[in-house]
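Each chain, letter by letter, is given below.
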Amino acid sequence: MKLSRSLALALLTAVAATTLLSDSKKGAPPTPADSSDTGVLKDLPQVGKKKADESTPEPVKQVPNAPVVPVVRAPRATSPVVAGDPILRAMKDELERTQTMNLAGYSPYYIEYYMEDGHSFNVSASLGAIIGTGVGHSRIPQMRIRVGDYKFDNSNYLYSDYYAGTRYDPETWPIDDDYKAFRRDLWLGSDRTFKTAVEAIARKKAAMQNVNSQNQDIPDFWKGSPVQKILPVKTQPVDQAKWTDRIRDLSKVFEKYPEVLGSQVAFQALQGTRYMENSEGAAIRTPDNVFYIQTRVLGQASDGMTLRDSIVFQALDIDKLPAQADMEKTVTDLGEHIRQLAAAPVGETYSGPVLFEGAAAPQLLAELLGANLNVPRKPISEPGRNYPFYPSDLEGRVGSRILPEFLDVVDDPTQTVYNGVPLFGTYEIDDEGVAAPPLTIVEKGYLKTLLLTRQPVKGFNSSNGRARLPGASGASTATMSNLIVRSSQSVPLADLRKQMMQMCQQRNKPYGIIVRKMDFPSSASVEEVRRIMQGISQSGSASKPVSIPLLAYRVYPNGKEELIRGVRFRALNVRALKDITAVSSETQVFNFLNNLAPFALMGAGGYIAAESVVAPALLFDDLELERPQEDMPKLPVVPPPALTASR
Amino acid sequence: MQSTVFLLAALTAAPAFAQSSPLLEILTQELDRNFSTFKQKADPAPYFMAYSVVDEQTDVIAGRLGTLQAKNHGHSRSLDITVRVGTPKFDNYHIVGGERAQFTSGTPIPIEDNPDAIKRRLWMETDRNYRGASQRLTNLRTSTKVNVAAEDTSDDFSLEPPSVYTEPMKHMTVNAEEWAAKVRKWSGELAKYPGVLSGAVTVLFQNETKYLVTTEGTRLQHGRGFARIVISAQGKASDGMDLSASDTFEAAEATGLPNEVSVIAAVNKVGKDLDALLKAPTVDPFVGPAILSGRASGVFFHEIFGHRVEGHRQRDESDGQTFTKRIDKSVLPDFLSVVFDPTRAKIGDVDLNGTYLYDDEGVKARPVVAVDKGILKTFLMSRSPIKDLPQSNGHGRRQAGAEVVSRQSNLIVESSKMVPEAELRNMLIAEIKRQGKPYGLYFQNISGGFTFTGRRGLQAFKVIPLIVYRIYPDGKPDELVRGVNIVGTPLASFSRIVATSDKPEVFNGYCGAESGNVPVSAVSPAILVSEIEIQRKEKGNDRPPLLLPPFLTGGSE
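Heads up: the protein sequence lines correspond to chains A and B, in order.
Just so we're aligned, residue 1 is where the first sequence starts under this note's numbering, counting upward by one.
Just so we're aligned, residue 1 is where the second sequence starts under this note's numbering, counting upward by one.
One chain only, chain B, in its complex shape (with noise of 0.2 Å):
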């Protein structure tokens, strides 16, 4: 099987080794032959152009509760085009007032390396994309004349160095059959808790190769695999409470996902999370100290801090900007950094999600410190420049069918305060006592969040923790509690991290934003902070099942 070379064997095997595929060469053509036809005949002509393709081969396997729910498998190529035109300083994408430019849809192309099917799809895409581009260009010179002018006026588009690579395209085979065995099984689990009202355990597998063309030259063709277990359990509590358990694995192939003891084991912990949950009591609004673990600490600083350093938002108008003009200024407390490095495979045993040779523009990736022991160093870089940021530190990502802005790949916390967990945990209860508070919080896990950055909206960001307890202090057991959201404003909570924990834990997950879904890691230690907001999820208004169960315990007939 080819895909055991992964990522850091890629890393150090020799690009020259690895055969490049047809499309590249077909690619390389058609842009070369539309581009010095513009540079000719087109009023205005294109200063750049690029060709990016995604070959991607998916297989989705999905149990419920013992039965296969769905085997799919799919292969597609999907085709993004970027013409710019005008110039780096001025183009068609220019964003004024905060309304970004479209031009690229995502189109489908012959998954067979067929020069004439393919070329044409590209000529007509071009065409397609050339004439949005031209358009917009007409638009904003007369626009930018009578608006005022942007406070910051840096170029659209950086020159950046070509970049030329090739690695061998991805094939992982996977055996459908014996993986429906294994879902069956392992969601059949699920159907042993009589509170999980659906319950799923879905494998999915991704061979994912990109090729790039540009007319700087760049000519890259690279890819990953992508392996997944997700666990999930949802059900109803007697008020009508939502609430679900969940847990994912990930690896770059097949072969380094969990044994089945380890699956099965995982399982259970789901199904009974939720039993547990569905008897726990439900949260009162409580302001007080509050552990997160590594994963929720990931997310915490995944949506409060990560989505504020993306370089893009520092230039849109309708943006919040917290961090814009804090560069060398203190935003962390000083035993905290923060790094994104997309050149990270893995911490520990796990791989992780954000990893990437090169930015959906070409980019090499590289490791940005973001924060250096709480000083705000630098944003996340795509080609589009911001004041004093004139060049890309390779994080220009998006989803086949959206246009690049700037993304997260792995945020990595690091710390300087770092004690064991134990000793972590004695700290939140003397912070409990200090505070005079009669418990306080353990976040154990979340599912994700989301936050805004608009300049409109509040400043707010929203967590979605799944498994919470409460701490008491005088040695009463952990208690768990349900309808848990935290809730506050960004800047206040960093300064209230007191101390973390010496163990980093992974979330790997997928980042929705402006450019689509992008795979992404927030690495992370358990953090202690003094003081967190929680209030009580919204409830819904329909009751739980009126019938019973037709069979009160479950399985397979």
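With the rest of the complex left out, here is chain A (with noise of 0.2 Å):
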């Protein structure tokens, strides 16, 4: 789901967290920056025009030998309801056109047109107060035309997506009604599209002339096989003036806490309508819908530590989101946290057994194994250039144990409900028109499977419906949906804490640790992620950094248990959790948005997917924790401002 750009609030310090890490998404070569640091003076917005970063090389212009593909379709029926949905007809018809282009010998063998329909209303507020309310609808498409053949086409390379020319349809679709207008828009759109898909497979080949790809006789695009699915369009009504009050309520809150030194409460309803076609067949008009209430805290102990907590209500409808006293109880922990946090004392380097508990549990698999499951792949690159790429901690590693024999993974997207709790990661057909089934992901501690798109990866033969997010070099990125652990034994959670203390005894620690709280989704500035992730990889992790512990307790033989600061893991991956050792019979269910940056970090990216992870509380055996040796920050001169509403 495309999150709107006006809606990304920045809280506090995270100002420049849209921009900064979200230009991830698309492969395109950098565009000089424009040098002239003196007066421009605009009277209207040009045609964005990209400039040629002067280190590729020129375009090619024909290709001789490249092979005329047959386009041969059997003629599609319009059925009733796409013939009533002006969107759905425009997008059938000019398909049909499209399919007729023909440049430098290559025709268009795959079309796709993809447009989301978005309604959004957010509202912010921080102490009683509101600070910027926003009301929007949007229709932002996205199309993507192949050419070549399924083995050989112009995606997977890294500049697949780079348009030199100048780009005249739109970014966002009228939000009338206009069958017209949409035929235009998709007409424009394919033409640029198509020029970019020639050029870029074009270049592919010339570049394949130099370089050999580990992944060359992999093929290009799956087939898909059509489907057909068109539901009525849902919007419900946002009583804007109940939210905005129920937030600033909300804020309210933190007038009782002074040690907050920073709060925001910030709610976002976002009601889309997926629309797909392709020329495949595939029909698609879906609902979309999220709606949740972000609320984070800022805080800082005297030794200048920054603390922070945050939480988040979520539901795909509005009505199953807490009642205001629920969510005012739970909001309250937060000021609670931050207080307990400033008294707690820093926590020392320990190594020995972690008892994952509540929503550390699922936080942590969310990252270590839901974020691996999918394995992008190394797109065909220019001789010479290098880019940065992460491959998944769990390529090449299907038929492999990663996790003890007790315990079975599957990813559900047909299941709404766990316990009684609705699940977020429920969803039936994917990005790509694909219908999205059961997976059983681990069987008995052995990976079975893997995430997949329609881009081909080594060792399957073709999609399972996981393409949630877009990604780069023509392809989408697969995401989990509902990923839920199950345990073939499972003692009670109060029989697994003893469990730990046994092992504490047994190895002379004077405690151990519990976790009940990631920091997962962060709602951390970039800044801080930033610093983060360096201390993280300078501390000896070459796997992707984990996020760190916001609520960590020291448990004591007598049961006294002490909330300690400032600790985070050391090289925690995913071959850690072969070494579960216990898991408990009580299971919790975390819901979360994931938009592919580092920590799910709130605000950032320009896509979301609603995920939930289903897991037993996890004891570990032996993982490491230290304390960071970074500086902190000297504690303001002036000291903050009275709270008066509280008083």
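Worth flagging that the hints you see were computed from the coordinates, not collected in a lab.
Ideal Cβ positions, reconstructed from N, Cα and C, are used throughout, including at glycine.
Each hint should be verified, as a subset may be incorrect.
Heads up, simulated DSBU-like pairs for lysine-lysine below, C-alpha to C-alpha not over 35 Å straight-line [stated by the list, open to error]: (1) B:182 x A:2; (2) A:544 x A:444; (3) B:39 x A:92; (4) A:634 x B:182; (5) A:234 x B:39.
Covered stretches of chain A, as calculated for chain B (at least 3 residues, CB under 8 Å) [to be verified]: (6) 136 to 145; (7) 488 to 501.
Both chains are given apart, each in its own frame, so use the hints to dock them into the complex.
Pasting the structure below:
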């Protein structure tokens, strides 16, 4: 789901989050920075003209030996539902015309029109005052055209999405239902997308004269089986005045917490409809709604350490959001956490058993397991051109044991509730028009499959319908839906704690560690995220960094718990999951919005996918915690202003 | 509607009648609390602090080829904080090696006047700014010791009398549905022109209230209304060249915008212009005489002259400093004067875009005669002094989120060698014949331009003409041409102005530079230049759309 730009609210210090972290989705060559440091008198926005990177080679204009692919397709009948919807009808009609395009011997072999219609409402508040509200309606199209054939086409190349010409099709569609206007926009968009494809395949071929890609024996695209799913458009009215009041009221909670130095509550109602048609015959119109309330708080300990906490309430249906009183109670906990953290001791370096309870267990699995189930494919590059690429930690490990043998994992988008708790990652058809079945990911500890899109991965032969976020080089990114961990042997949580204490005793540890909450999705500032990532990579972890624990406790043999602050895991990665010693019989549902940013950083990234993880508490035999050796900011010279409303 | 009281009226209104917003009081209280605590406890302590808030309500309604593209409303407040540590002689804003400091970040603050909520944000942002300020000062103190002495040893901050002024907040109500119907209809006119690949009519309404409190006692609450219609059309010639045509209307409020008949006429003119451009021949590189229309000339002056009299450039050692040492020397023909006048609200019926009462450092606006009868008199000044100009003249400006530098306001070119437009054309033809050129040029409309003032790069400028005609000396009809870029170097261009028309024209726009986008105007009569140099603009490599449009006639179904 496209997150409307204006809705990405910056809190406190996270001002630059969206711009800094959202540029990773396209593989276009960098455009040279505008070097004019002086006056630019602008009267009108110019047509967005990208300048070619000076170092990119001249586009190849003629490809004499390019194969002419015959386009043979059965004529498609227009269903009455498609005919009654101006968007679907425009897509269908323009798709037929686009198939006749021909340039340099190429014609499209695959065309896909995708459009996301989104109504949004957002409101944010702090300490009982509204910071901003916004209402929007936008329609964001995305088109894909492939030339060549399924085996070798214009995708999976570093500059697959790069267009050197002028874009005349608009980035957003009209909000009026105007068939002719949609046709026009599809016409111009198809023209640009087709030209991009022809240029990309020519350049890709040229590049392959000089490089051997490890992926060149794998096809470029998997065939899909056409799905037709036209559901009614479902947009609920949002009572803006009521939600403005509720958010303002919720933000007042922190008037009672002077230790909370900064706070913000933000509500977003995103009601979308996805439209998709492709040249294989898929036709889709499905609702895609998300409602959420993010609360973030910030404090500072007396030694200067920044303290943070956050909570997100979310639902696929606005009426399923928690009652106001329940939200107030949970939000109050954030204030309490900051108060307790401010008084808590700084943790020490630790090596020993660690128990992940409550939200922390599914949070950890979302990061260690969920994110690695997508296996990105390294695109063909130009010789000598290097670019950052992070492969999955699970690449090539299908068939290997990655969890203890008593654990199974399924990813089940068809399930809507778990033990009465609504699941967030439920959907029927992915963004590429592929139906999404339940998948057994891990069976008795062994990795059985990965999450796949229509971008081929070695060892597999078709998509399993997990394309839910945009990817680079003409591909989508696979993400999980509802990732559910099941155990064939478990003990009550209380026994798990006892087990940990016994392990501590055997090893002469004065205390064990319980983690109840991870900073995931993170409410850190961009600056802080950068610092954390740098710190983690310096401390010797080669894998993707894992978020820091927000609520970690020392547990002493007498059962006493002590909150600590300022610790993080050292070299924690997917390999650690093999050494899970035991799990609880109680399970926890954790819902979150994935945006592919590090630690799913709130407010970063332009696209979101709703996901769920269900997991029991996890006891690890041996993990390492360290105390970061970073300098801490000094306390402000001026004390914070008094809070008058609570008096 | 309260906003009927605008600038002209506001200038004469007694401030005492206006009610100050609770925000001004909240800002003052927190400023005082922070400043006095810093004074007692901080080392280095600030000697000056300012809180600036811009409250902005915006409505944008956009139509594209007969359909509604967007209808957005927004209300936000953005906070900018200034903390100066050290002394006015040498503080944390000191420029070293052309490196300018950036402390503020334009933080959003509540739009509701809630003291607790706003004060927390003010305090937190003050702390962040103070840290940046004190750290930079410490760095500077060591850095200037190792660097060679700067040429200009002026102070870093000027002392100015505090300003106290309050006017009512602007409230403009916009009937978005009504405007949506209008932009649909207006933009639909562009669908009649087959060459238009993308065509839009956008209306924008803005109410802006600026608040400023400083530790010197400045207390300001003032604002402006702004309404605008932008018509634009783009297309691609058969050889791949991208072409566009446009027109805009600006006014201080919605009622000042032209009526529907005029807008529709303007939209059709844009459509016709684009169609004609698509069929027009491309230019060849040419050096010869030309007339620049008043609007074109305004942009010409803004780019090649205006940016080079911005005060801070005279001190910036990385800048080309074209005019730095030319005060009291001739820089333009002696029949031309240039005034920057932010107090001027209108020229004829046209509201000027660069009008304000106080600049963004709270200094009262005033007319500044930069060039008097060809002689350079002064520069545009913010509170950042330069050699021999220790005071501001009310041209310190910024967009929310940026640090202030000196910027242009309403640039007005005045001429004592004026002739009627027909006569100016005759003079052009005479000049073409005298030089033995096959034709001259007439620049009717210009979209904007840019200039480089840096020391390393070429001291050049480029303006982007939209509509240019060849004028033939033998009575052959004027011929529209496409692909024109004006090129040249500044000083040479000025000396070639021969005469002007007697009719000033207004170009309203936004100027982007170090301190962000600020609204400006450029006013000038048409000018005749004996020599101008043009080149052909780069042409796109992509061809026009491969398929014909789905419908040959536009419009809605």
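Here is what the structure says about each hint:
1. B:182 x A:2: Cα-Cα ~29 Å, so holds.
2. A:544 x A:444: Roughly 25 Å separates the two Cα atoms, so the pair holds.
3. B:39 x A:92: violated (70 Å)
4. A:634 x B:182: Given pair residue 634 of chain A, residue 182 of chain B is violated - Cα atoms ~56 Å apart, limit 35 Å.
5. A:234 x B:39: Distance ~59 Å between residue 234 of chain A and residue 39 of chain B Cα, so the pair is violated.
6. 136 to 145: holds (count 3)
7. 488 to 501: It is violated: at least three residues are needed, and the stretch 488 to 501 of chain A offers just 0 whose Cβ sits closer than 8 Å to chain B.
Checked against the numbered hints given earlier, this structure breaks hints 3, 4, 5 and 7; the rest are met.
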